[in-house]
Amino acid sequence: MNNLSRLFLSILSVGLLVGCNGENKEKNVEQTEKKPLVRVETVTSKDVDQTREFTATVEANISNNIAPQSPVRIENIFVEVGDRVRKGQKLVQMDNSNLKQIKTQLENQKIEFKRIDELYKIGGTSKSSWDASKMNLDVLETNYNNLMVNTQLTSPIDGIITARNYDKGDLYSASKPVLVVEQITPVKLMINVSEAYFAYVKKGMSVDIKLDVYNDETFEGKVSLVYPTIDANTRTFPVEITINNKDQRVRPGMFARAVMSFGTLNHVVVPDLAIIKQSGAGDRYVYILNDDNTVSYNKVELGRRMGDTYELISGVENGAKVVVAGQSRLTNGASVEVENK
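To get this note's numbering, take the position in the sequence shown, counting from 1, and add 7.
Keep in mind that the hints were calculated from the coordinates and are not lab data. Just to be clear, a hint being listed does not mean it is correct.
[Unchecked claim] Listed next, the in silico EDC-like pairs over lysine to aspartate or glutamate satisfying Cα-Cα at most 16 Å (straight line): (1) K328 to D279; (2) K328 to D290; (3) K42 to D299; (4) K284 to E308.
Please read all numbers here as calculations on a predicted model, not as lab measurements.
Modelling step: build the complete structure from the supplied sequences, incorporating the hints.
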């Protein structure tokens with residue numbers, strides 16, 4: 008092969024190589040310029056019920072620990088857990104040895120005081136002697152009454168026995184009460200409400216109560232107490248809710264959900280598919296489609312979840328188009344191609 012032939016083949020090879028590189032560059036440009044495909048939905052605003060759910064544990068309206076003031080042996084217990092009791096009903100008899108002793112002293116002091124009193128009336132004794140005898144009588148009467156209360160333990164309320172910690176013959180110690188009697192008609196819940204609702208929660212306000220044990224059944228509750236101060240650490244304030252509980256189906260210890268209504272507000276509602284959680288943070292975002300087919304990454308504040316939609320407190324305007332599919336390839340300001348339905 009002569010030199011001229013070799014030169015011609017070299018030029019032809021270079022031309023083919025340049026042509027191939029050109030085609031590859033064109034393909035790469037086409038792939039680079041291909042826009043992400045997204046699906047969008049137009050959102051609207053509507054009146055949304057402003058309800059909030061709070062969890063709590065049911066408590067007895069009143070809970071009383073039945074116990075004497077000092078350690079003493081238990082002579083008898085007349086009730087069992089689950090028994091309904093009336094106010095003033097005798098529940099426990101403690102050892103009454105000390106009571107008998109004080110009673111004897113009291114009877115003797117009554118006789119002695121009567122004698123001193125008669126002498127004093129005819130001038131047979133001094134005023135100081137009369138005062139001393141009367142004081143001794145008063146002290147013994149007070150001691151006797153206190154000991155009586157702590158020997159025969161009665162119920163201070165109408166209620167139900169919810170705990171029994173001792174048996175007949177046990178020596179009572181101050182570590183636990185002998186019995187616990189609770190009033191469960193009504194019962195109550197204590198919830199902590201955000202300070203944002205402080206002006207809206209009023210005494211007598213109706214509250215829907217749901218108990219997990221009764222599935223979707225709703226019980227009626229009423230706000231019975233609104234605490235007047237806000238906890239500076241949690242920015243919440245305590246609210247007490249009372250359930251009438253005439254049928255006594257609601258019992259202390261049950262898990263409850265209290266739903267409070269604060270009226271309605273007109274807010275934008277978006278599909279839950281549009282909501283993006285920022286990695287490593289609790290913030291939520293959505294992509295908004297602009298008129299020039301670019302997208303904006305907007306931070307939003309969520310309200311209620313309603314099925315497959317979310318109420319938005321802020322971040323999206325009424326009538327905006329939000330991206331509901333294809334977000335994985337998007338960045339703020341990116342140009343997109345909108346999928347035709």
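These are the hints, each one checked on the structure:
1. K328 to D279: Holds. K328 to D279 sits at ~14 Å (cutoff 16 Å).
2. K328 to D290: Since the Cα atoms of K328 and D290 sit roughly 20 Å apart, the hinted pair is violated (cutoff 16 Å).
3. K42 to D299: Cα-Cα ~13 Å, so holds.
4. K284 to E308: 11 Å, holds
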